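K.L.:
Going down the list, the protein sequences come from chains A and B.
Just so we're aligned: 75 in the working numbering is position 75 of the first sequence, and the numbers increase by one with no gaps anywhere.
Just so we're aligned: 93 in the working numbering is position 93 of the second sequence, and the numbers increase by one with no gaps anywhere.
What the hints contain is simulated information worked out from the structure, not anything from laboratory work.
What you are looking at is a predicted structure, and each value in this text was computed from that prediction instead of being measured.
Glycine included, each C-beta is placed from N, C-alpha and C at the ideal position.
Hints should not be assumed to be uniformly reliable.
[What the hints assert, rightly or not] Calculated Cβ distances over 10 Å to all of chain B for the following chain A residues: (1) A276; (2) V291; (3) A474.
[To be verified] In silico lysine-lysine, DSS-like type, Cα no more than 25 Å apart, as pairs: (4) K92(B) x K343(A); (5) K13(B) x K92(A); (6) K13(A) x K92(B); (7) K92(A) x K343(A); (8) K92(B) x K13(B).
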Amino acid sequence: MSSPETVKSLAAKLAAGEASAVELAQDYLARIRAANAALNAYVELNDEQTLTEARAADALRAEGRAGLLTGVPIAHKDIFCQTGWHARCGSKMLESFAAPYDAGLIERSRAAGLVTLGRTNMDEFAMGSTNESSYYGAVRNPWNTDHVPGGSSGGSAAAIAAGLAPAASGTDTGGSIRQPAAFCGISGIKPTYGVVSRWGMIAYASSLDQGGPMARTAEDCALLLNAFAGFDERDSTSLQRPAEDYTRALAQPLAGLRIGVPKEFFGDGMSADVRAAVEAALATFRTLGAVTVEVSLPRSGMAVPAYYVIAPAEASSNLSRFDGVRYGYRAPEYGNLDDMYAKTRAQGFGAEVKRRILIGTYVLSHGYYDAYYLQAQKVRRLIAEDYEAAFAQCDLIMGPTTPNTAYRIGQNDEDPLAMYLGDIYTTSINLAGLPGMSIPAGFGADGLPVGLQIVGRWFDEARMLGAAHQFQQATDWHLRTPEN
Amino acid sequence: MSLTDQEVRHIAKLARIELPDAELERTRSHLNSMLGLIEQLQAIDTTGVEPMAHATELVLRLREDRVTESDRRAAYQAVAPAVEDGLYLVPKVIE
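Excised from the complex, chain A in its bound form (with noise of 0.2 Å):
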């Protein structure tokens, strides 16, 4: 079995001259033309814009100006607002929307020479746990076309499962980078809030969301978040931080890292495939070295009911500048100012995106705000300080990513709940601020992946790399492809 390709080794081929950027670029877009009828990974690809972007790195490269990443191919979330491309975030709502500027992600993406393969398909306003509710139809996860790939950054995370690009954007408000990463079988990071910048990242929950890498492996993920992560002035809640380099403890042993086990993550919801799973990556990591402690975090299972009172409210102020005046889709008839609002925001956005902005209305309203807001904000608190008590015991938190492995298609339609309920690992980090991230380790009963839920304290995103990074030289899951 070879190798999947790597961000590395497509930068080592760049960089040894067996292979140009352009070459990359066609032989990924080949690639993408062929299979991606059958997961709807992508929802735009424009070969000129890509190509462009390649002739620009080959040039850099030729010029002798190249860095590490100049002319590796990424896919970018189509969250994320980038000149040349369509930025519709699952929504008809913006179908017909260009944005007039870049991301503070795009922008860092085009400056350390990263070449744009296309846009990839998301849950609508990043809204699900599947990717069922894009506009633009359901992704596939590779692993089995009959199931969900997770969501909702689901294209970003198929794209790399198939090996329609080695690396991709992702955004995650309560686990959309992770619980992809953990059913697609591949690797992704969110990291600590603050740290990659939010600016021309659609909103959805501002104070939970943030944007990430995904890739196959820990160390592309840090190579990426080497050039994603910086402070932008324009992003009010972009941390001011000296540069680090997220690849600094890639090589470092695990002796003596004390892994916390929260017991409350091994409850009764799990299923036995994915206990079996990640209770074999943790003896891996005892072998390495590490010792695992148990810990509790008591309120995580008020984080489902916290984060679905929080990021609704957030989303229904957000998703209020979508009015048919500035940007996006009109309705075609209407009377009055209101009658316009009320018709385009009917017909724009779809169930789940109106359902979370009618829960989140009502949550803020009069007479309600204290009862489910306030009191949202006050759990959230705790569920913070259950992660600081636990981090008194131990370096990293590991878990499950997931309770279960991915969804078959359409299994959640008519019970949202049960999809919402899926998110209990992960809602709590978003919560709290932390760094999370999911690593391939092993897969379910139906052969489909499972992820290890790696989290941090505060900004230990190279401590987590690290970990992760040396698992992954001691298993090979993150190799498996659904080809091999």
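Given chain A, work out where chain B should sit, using these hints.
P.N.:
Below, chain B alone, put in the same frame as chain A:
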């Protein structure tokens, strides 16, 4: 608690989302199941807990009082559904 048809209509009005009668029952049922989920929060004792509005304790930055934006009106209005002479067109609001 559970929402009545009238309350669901009111929420939809506040959210400026038209809700046809045919969708009312399904919407109400989904919202009520979401409410059932979030009602669990009421069981947590949060006496004396400071609400956490944000993941980081942010202090809003100040910036120098100078112009940082260039005039890109044409580019921004190019993506609007209806504009004329640099103005966004909407139905008449004032008679």
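K.L.:
Broken hints, numbered, in rising order?
P.N.:
6
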